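Number of protein chains: 4
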Amino acid sequence: MKACVIHAPHDLRIEEAEVPPLGAHSVKLRIGAGGICGSDLHYFQHGGFGTVRIKQPMILGHEVAGTVIEIGGAVTAVKPGDRAAINPNQPCGACAQCLAGRANLCLDVRFYGSAMRFPHVQGAFREILVAEERQIFTIPDHVSLGQAAFAEPLAVCLHAVTRASSVAGKRVLVTGVGPIGALTILAARCFGAREIVATDVAALPLKTAKAVGADRVIDVATDTLADYAANKGTFDVLFECSGNARALAAGLDAVRPGGTVVQLGLGGEMGLAINTIVTKELELRGSFRFHEEFGWAVDYISRGLIDVTPLLTETIPLAEAQRAFELAGDRAQAMKVQLSF
Amino acid sequence: MKACVIHAPHDLRIEEAEVPPLGAHSVKLRIGAGGICGSDLHYFQHGGFGTVRIKQPMILGHEVAGTVIEIGGAVTAVKPGDRAAINPNQPCGACAQCLAGRANLCLDVRFYGSAMRFPHVQGAFREILVAEERQIFTIPDHVSLGQAAFAEPLAVCLHAVTRASSVAGKRVLVTGVGPIGALTILAARCFGAREIVATDVAALPLKTAKAVGADRVIDVATDTLADYAANKGTFDVLFECSGNARALAAGLDAVRPGGTVVQLGLGGEMGLAINTIVTKELELRGSFRFHEEFGWAVDYISRGLIDVTPLLTETIPLAEAQRAFELAGDRAQAMKVQLSF
Amino acid sequence: MKACVIHAPHDLRIEEAEVPPLGAHSVKLRIGAGGICGSDLHYFQHGGFGTVRIKQPMILGHEVAGTVIEIGGAVTAVKPGDRAAINPNQPCGACAQCLAGRANLCLDVRFYGSAMRFPHVQGAFREILVAEERQIFTIPDHVSLGQAAFAEPLAVCLHAVTRASSVAGKRVLVTGVGPIGALTILAARCFGAREIVATDVAALPLKTAKAVGADRVIDVATDTLADYAANKGTFDVLFECSGNARALAAGLDAVRPGGTVVQLGLGGEMGLAINTIVTKELELRGSFRFHEEFGWAVDYISRGLIDVTPLLTETIPLAEAQRAFELAGDRAQAMKVQLSF
Amino acid sequence: MKACVIHAPHDLRIEEAEVPPLGAHSVKLRIGAGGICGSDLHYFQHGGFGTVRIKQPMILGHEVAGTVIEIGGAVTAVKPGDRAAINPNQPCGACAQCLAGRANLCLDVRFYGSAMRFPHVQGAFREILVAEERQIFTIPDHVSLGQAAFAEPLAVCLHAVTRASSVAGKRVLVTGVGPIGALTILAARCFGAREIVATDVAALPLKTAKAVGADRVIDVATDTLADYAANKGTFDVLFECSGNARALAAGLDAVRPGGTVVQLGLGGEMGLAINTIVTKELELRGSFRFHEEFGWAVDYISRGLIDVTPLLTETIPLAEAQRAFELAGDRAQAMKVQLSF
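Protein chains in written order, with our numbering: chain F, 1 to 341; chain W, 1 to 341; chain C, 1 to 341; chain U, 1 to 341.
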């Protein structure tokens, strides 16, 4: 079995790996599609992010879908031949966060292709994957493995939208429309946003934002949100997906008094106009990963209620992973790039 | 009638002022006590704060209580001789915020002793005040005018605690225990906080925090919150009352995943560890002024459910206002200083 | 000008009425379409409902849309020729409920075609209507007046769905799919419901439920919800639109522990299994009318995000109002019946 | 070891029972005090309630406190000699409800002295109890075992108050002030209720309600809540503790539009004015048992923030259990009756 292994920044290798044994509750799949995520890119470009660094070779990838080829003796919910999205997120189910219903904040989580723990949790960009039965979410025939591989990033965005309490009837601003921003637009529309405005500084993201349903897109390299900042602000909810301090600052001005800001973008220390937060009584809420929203994502894609296909830029064979990662890292050329196996 | 008028930084004068006419729905009171607030101090020390600057002489003061001496023809709820706290906050009742139930964020508010509007709204540090009937909240005989003059800052803190959704059963951290921090401790205890820890860098605030019910006080000039930051944090709710970026930073680390931060302290641009907000899914909520909580404050003081007396450092006659403002500005010597009239 | 006036049960007359004068802030419209609502039917069939009774002749109707023909001198937002839905709900804007942001519960509301007040508030089934500027919500060319006349009942249902906090990602049951139930299905889907099951005892409502997006419909005259009641229940949210005690009882069993029941259907005293409410910690929430959701309804219809057309059974000229009311009252034959003027 | 065993209605026996073995994670205690609860009384008087019936002899009791006499090898948090309240509620920690943070609704719970499961879960009215370490909540020296034995019913009431979202600043009505009603008054006051009115039809409960802090008590055998029903109602929150349909009906009228009703009292099928729920948009929420609130209860009692002692009518030795149960069942004579061991 071949896998896509990161050894050091820009040192990405296609290597042989062993297929793990199949336990009673586990499922063996042949992976069909795998999307390259921002964190994969950070490992590829910089060897990590913040204090998280690669300390040993690690298989990348956590946005994957495949076909079941074998099942453990105790498995009942899936069978060979089933096609499925695979949830890369495995909360412990026993810590205080899990038992409080906040499994996405699990204190002892295992997440595919993450160097947060040591030894690292190996990822899913590999030909054969063995996963637990509860990680497997089957899809109907009319959904492709490429579409199913969007379940993970879509789950991130569905979760982010639930963090806003509700967007039903709301006017929504999305700042930064890379793949996460674009999926947030889809999620916000699916959950009832009345008006969606999106900002970015690049042409392809803005064009994609429009394609997935933004009512208006604004290129903040040349234009501003100033009109929306009149009378102390317009938007009920801001989804800040860029991790850029200027985007957050402009967004805070455009949100109405009593409005909500959901921060998805990571970005280190950011200067914040605390007096705006105080005097407009804004709520700034972090949003991190997902839990039950993975199943939702599979469901909304399967029922045709969310169409992720406008986001897919190109599907590239595993053998050309280097090119795939380079393309995925170029915002002028790519939204989502997937590997095929 | 004499009033306490600010002309420029450190130029505070006791001057004659005219008593305004009494309308049908208004009430004339002889002011008995007036607390000096942080914003009064900003006008005194710096001529304002942020973009808000004194542009004409302005009577200071908005934490006042007095005795009714005359009522307008249409007034029914109060009568001469009644003693009362006076609500300095007059939302318009007609803007979008007022009609959405967020009168504390009124877009056209009038607030005593504030230079936000021009002409400025004159304040209440004066011997005779004419106010609207709906601003008058009577107190029983056993409550002093000095206690009643705490209703306004207490209302700020009661509102802040409601901004945390609920503190019932919660572990609470209060950073910065000047008058607002100390009243927040009282408010949080009254609303059911299970454990309250308070931090400051000065002895008098820490001693007062203990006196008003903090379970533990920590001098962060010499000690840290590090123990509480273990396992991703301890506190359910942080009330940040200092407006100090380091206090907020240390507080964010001490709050548990999924916890809430209520920001009361103003402080200009503050660097914020946005990744902590995101990965712990914290909620940072501004808290600004109050609305119905003014009546609550009078009620809790009157029923003996909140005792504000440990906060009163000294009561100083109007004639010595200069000394009163200087004392109020010295954190080593004073918590709340009140003027008598 | 002709109007549709109820004098007594089954005594419906088309009569001449005077056109009211046009004030500075008011707008004169030629009504184009008017939907017959359940309360119109109650006046027609029984002369009222509960303690509300017709005590003087009253023009019926509150689901209307028309074309502006004249505007008052101070009107700026609309002009002659504009086509619009007309909000029949006029909260006072000054009572405690209005100022708390709950204008739908206004203590002094005026609502078209309602006998709750005396003199009654005359309704909008008339050729010419004079309304306040703020009641007028214009529609684009591609929306018909018939579609626009659905804004009012849709607003009722959008409001009901917001009463569930959020249906995003949720499994939803709708019991009773007359026009309100069917519009609730549309509203719930628009606001992100993941799965929608609907029940009724008649063929046309069930067929319509399917047409507007229910994933499954169940005829509870011949089938049951028993499967969904296993393991203490399945649905996250129940919208009870029938006002039928058995529907509520079966629904309570089918809702999961911790789930929410939104009651829209009116129905007098209903026996309730209070122990089910307690031991499953259900939340039963009333939902009444709407406020800002009227504008939302116009918006969702105009943007094509909600399609109400499957609900329209027939449009009947005013002159045949008697036939229209009889048809509207026959669940086997009609969902929504509209008058044309 | 002696235990208090119910065999059939009114057939209560003090019998010898075996001491269970001590596991590695378990703790052996000598029970000191045990409060008789309403469900104990139902088993004693009627052999059960609803469909729950005694099918084999069962030790009663779940409100107990005792002294640790031996610990298992893996126990670290308690030691012999510690005095503690014992949590009788053991959720499974693995079902959907537990993992959603609703352990009080656990689908596979074990609860002391309950005939819901078969074989029944034996109770804690026994001289020696072996419990799991996590059930043990130690108390300081100044708290008596009798006070500690109130932790369980107090936890029920603390949970009920959290079900109201927040009572901070609220006007609260409590209908029915047996032990649960009286503890609800204490809990509501501790969590910030501004005004508390209590109703009952018996003198002792009303007197106790006053003693634990109700601002006003009303004997609804001779007086009514009519004044509070004016203008569509007064109270923000109703805690219905009687399970009596008339109490709920009167309470619904006295709650303001948009208010909340928390139902604690069990009572079979109750007629409900559904139109009041709908047109006032009330929220009726069930409240069942507790989870983390057990630890809170121990904490509030230990810190002196809640004083349960006014509720204790009499402490009676185990040998006289029959008399204790008869007294506990007499509302004219008893609030809480405890057994001593």
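Derived by calculation from the structure, the hints in this document are not laboratory data.
Bear in mind the structure is a predicted one, so any value in this text is a computation, not a measurement.
Just so you know, even glycine gets a beta-carbon here, dropped at the ideal spot from N, CA and C.
Be careful, since some hints might not be right.
The calculated SDA-like cross-link candidates involving lysine to any residue, where the alpha carbons are at most 25 Å apart (straight line), are [claimed, not checked]:
no.	chain 1	residue 1	chain 2	residue 2
1	F	Lys210	C	Gly271
2	W	Lys28	W	Lys232
3	C	Lys55	U	Lys207
4	U	Lys55	U	Thr76
5	W	Lys79	W	Gly48
6	W	Lys232	U	Lys207
7	F	Lys232	W	Arg53
8	W	Lys28	W	Ala17
9	U	Lys232	W	Glu127
10	U	Lys207	U	Thr224
11	F	Lys79	F	Ser114
12	W	Lys232	F	Ser39
13	F	Lys232	W	Glu127
14	C	Lys207	F	Arg303
15	W	Lys210	U	Thr224
16	C	Lys210	F	Val143
17	C	Lys232	U	Phe49
18	U	Lys210	W	Thr67
19	F	Lys28	F	His42
20	F	Lys232	C	Arg102
21	U	Lys210	W	Asp299
22	U	Lys207	W	Ala100
23	F	Lys232	W	Ile139
24	F	Lys232	W	Arg117
25	C	Lys28	C	Pro119
26	U	Lys232	C	Lys210
27	C	Lys210	F	Asp299
28	W	Lys232	F	Ser114
29	U	Lys232	C	Lys28
30	U	Lys210	W	Lys232
31	U	Lys232	C	Phe111
32	C	Lys232	U	Thr224
33	F	Lys232	F	Glu292
34	F	Lys232	W	Lys232
35	C	Lys232	U	Arg171
Using C-beta positions, here's what the derived DEER-type ranges look like [to be verified]:
no.	chain 1	residue 1	chain 2	residue 2	range
36	F	Val52	W	Cys92	32 to 42 Å
37	F	Asp330	C	Ser340	36 to 46 Å
38	W	Ala211	F	Glu269	47 to 57 Å
Each hint tested on the structure:
1. F:Lys210 <-> C:Gly271: Measuring from Cα to Cα gives roughly 51 Å; hence the hint is violated.
2. W:Lys28 <-> W:Lys232: Answer violated: W:Lys28 to W:Lys232 is near 55 Å, above 25 Å.
3. C:Lys55 <-> U:Lys207: Distance of about 49 Å is beyond 25 Å: violated.
4. U:Lys55 <-> U:Thr76: Distance ~38 Å between U:Lys55 and U:Thr76 Cα, so the pair is violated.
5. W:Lys79 <-> W:Gly48: Violated. W:Lys79 to W:Gly48 sits at ~37 Å, over the 25 Å cutoff.
6. W:Lys232 <-> U:Lys207: Violated, at roughly 47 Å.
7. F:Lys232 <-> W:Arg53: 20 Å, holds
8. W:Lys28 <-> W:Ala17: 15 Å, holds
9. U:Lys232 <-> W:Glu127: 42 Å, violated
10. U:Lys207 <-> U:Thr224: With a Cα-Cα distance of about 17 Å, the restraint between U:Lys207 and U:Thr224 holds, given a limit of 25 Å.
11. F:Lys79 <-> F:Ser114: Judged against 25 Å, a Cα distance of about 28 Å means the pair is violated.
12. W:Lys232 <-> F:Ser39: Holds, at about 22 Å.
13. F:Lys232 <-> W:Glu127: 36 Å, violated
14. C:Lys207 <-> F:Arg303: OK: C:Lys207 and F:Arg303 at ~20 Å, within 25 Å.
15. W:Lys210 <-> U:Thr224: 45 Å, violated
16. C:Lys210 <-> F:Val143: 23 Å, holds
17. C:Lys232 <-> U:Phe49: 19 Å, holds
18. U:Lys210 <-> W:Thr67: 33 Å, violated
19. F:Lys28 <-> F:His42: 28 Å, violated
20. F:Lys232 <-> C:Arg102: Distance ~23 Å between F:Lys232 and C:Arg102 Cα, so the pair holds.
21. U:Lys210 <-> W:Asp299: Distance ~19 Å between U:Lys210 and W:Asp299 Cα, so the pair holds.
22. U:Lys207 <-> W:Ala100: 42 Å, violated
23. F:Lys232 <-> W:Ile139: 37 Å, violated
24. F:Lys232 <-> W:Arg117: Satisfied, since the Cα-Cα distance of roughly 15 Å is no more than 25 Å.
25. C:Lys28 <-> C:Pro119: At roughly 22 Å apart (the allowed maximum being 25 Å), C:Pro119 and C:Lys28 satisfy the hint.
26. U:Lys232 <-> C:Lys210: 39 Å, violated
27. C:Lys210 <-> F:Asp299: 19 Å, holds
28. W:Lys232 <-> F:Ser114: 19 Å, holds
29. U:Lys232 <-> C:Lys28: 35 Å, violated
30. U:Lys210 <-> W:Lys232: Given that 25 Å is the threshold and the Cα spacing comes to 44 Å, the pair is violated.
31. U:Lys232 <-> C:Phe111: 18 Å, holds
32. C:Lys232 <-> U:Thr224: 38 Å, violated
33. F:Lys232 <-> F:Glu292: 36 Å, violated
34. F:Lys232 <-> W:Lys232: 35 Å, violated
35. C:Lys232 <-> U:Arg171: 34 Å, violated
36. F:Val52 <-> W:Cys92: 32 to 42 Å: With a Cβ separation near 51 Å, F:Val52 and W:Cys92 fall outside 32 to 42 Å, so the hint is violated.
37. F:Asp330 <-> C:Ser340: 36 to 46 Å: 58 Å, violated
38. W:Ala211 <-> F:Glu269: 47 to 57 Å: 36 Å, violated
When each numbered hint is compared with the structure, violations occur for hints 1, 2, 3, 4, 5, 6, 9, 11, 13, 15, 18, 19, 22, 23, 26, 29, 30, 32, 33, 34, 35, 36, 37, 38.
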